[in-house]
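Asks: Sequence:
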Amino acid sequence: MEASGALEVVTLGEALIVMDPVERGPLRHVPGFRKRVGGAELNVAVALARLGHRAGWAGSVGDDEFGREVLGFLRAEGVDVSGAVLDPGAPTGLYFKEWRAGGLRAHYYRAGSAASRMAPGRLDEGFLLSGRVLHLTGITPALSGGCEELVRRLAGEAGRRGVLLSFDANIRWRLFGERDPRKAIEPLLPLADLLFLSDEEAELLLGGSDPRSVERARGRLGAGVVVVHSASGSFAAGGEGVVRREGYRVEAVDTVGAGDAFVGGFLAGFLRGWETGACLELANACGACAVAVPGDAASMPAEEEALALLRGRRERER
1 MEASGALEVV
11 TLGEALIVMD
21 PVERGPLRHV
31 PGFRKRVGGA
41 ELNVAVALAR
51 LGHRAGWAGS
61 VGDDEFGREV
71 LGFLRAEGVD
81 VSGAVLDPGA
91 PTGLYFKEWR
101 AGGLRAHYYR
111 AGSAASRMAP
121 GRLDEGFLLS
131 GRVLHLTGIT
141 PALSGGCEEL
151 VRRLAGEAGR
161 RGVLLSFDAN
171 IRWRLFGERD
181 PRKAIEPLLP
191 LADLLFLSDE
201 EAELLLGGSD
211 PRSVERARGR
221 LGAGVVVVHS
231 ASGSFAAGGE
241 GVVRREGYRV
251 EAVDTVGAGD
261 AFVGGFLAGF
271 LRGWETGACL
281 ELANACGACA
291 VAVPGDAASM
301 PAEEEALALL
311 RGRRERER
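So for the sequence shown, the UniProt record's numbering puts the first residue at 1; every next one is plus one.
Calculated from the structure, these hints are not laboratory results. All of these numbers come straight from a predicted model, not from anything done at the bench. Ideal Cβ positions, reconstructed from N, Cα and C, are used throughout, including at glycine. Where hints are given, some of them may not hold.
Listed next, with one range per pair, are the computed distances between beta-carbon atoms [to be verified]:
1) Arg249 with Arg122: 43 to 51 Å
2) Thr255 with Gly52: 38 to 46 Å
3) Gly89 with Asp210: 25 to 33 Å
4) Trp274 with Arg100: 35 to 43 Å
5) Val253 with Arg313: 14 to 22 Å
6) Ala302 with Gly177: 31 to 39 Å
Please construct the entire structure, taking both the sequences and the accompanying hints into account.
Replies: In structure tokens:
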């Protein structure tokens, strides 16, 4: 079932089939895998849908069983996929997790994937720009030259058509290879109405991750609101000045998708017209809920789960 009513947020990106091992250790010794659906932008769409918002996802998946699984999963979550493309000439990307003593290792099989063939003219631009907000990340321009061109075009068109641009840097060094990710990402920063960065990304792209440095960079770029998040908490620099909120201490089971849940939570608060502090509180709660359970898109929290965590903190602070 497609989402009903006008879309609030549309996301664009690569969807992946995630193979999560049933045991820890080298993949050659793992007896089996749990198959899930993931992808940063897809995760954000699912997070928003579970928080009660009308979200759409656009991207290209293979005209194969995995591609159909992705679209079926999103439809079941209430995400509008009418802008998605089934590509008969390329496969859906795969992502294997490997849990070792040093933590999570990621093994991607996405070279030549359907998503890497995205480019201007291959997706429905009307659908992509049909929401109140367009959400993009720095992952997509790393996939191919065509993907980079598509992201730049959409970022520019969003501003011209009055669509708010949400951008999560989400730098993946391995995807960029020998290329400098700043060359692809920095031109997008001044176009963002909402800019999401980890503290490491703020250091790289803004020259500092402390509130004063971020506020100066925001003024220089002309960006709307810059949100910096880490495990300990988050802050936002915008029209209300710098607003900080503490994170949650939870036992992390799987950190994959936590940043996407955070972004989904912040966007949900933003769409509701909440003040920045309340947006950060919901974002932190969503991120904390996501790390407490395994999975990628499946770990995005329901609204009641995130609000229960928020209520618990507020009651303890009384």
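Asks: State for each hint whether it applies.
Replies: Hints versus structure:
no. : hint                           : verdict
1   : Arg249 with Arg122: 43 to 51 Å : holds, 44 Å
2   : Thr255 with Gly52: 38 to 46 Å  : violated, 25 Å
3   : Gly89 with Asp210: 25 to 33 Å  : violated, 48 Å
4   : Trp274 with Arg100: 35 to 43 Å : holds, 40 Å
5   : Val253 with Arg313: 14 to 22 Å : holds, 20 Å
6   : Ala302 with Gly177: 31 to 39 Å : holds, 38 Å
Hints 2 and 3 from the earlier list are contradicted by this structure; the remaining hints agree with it.
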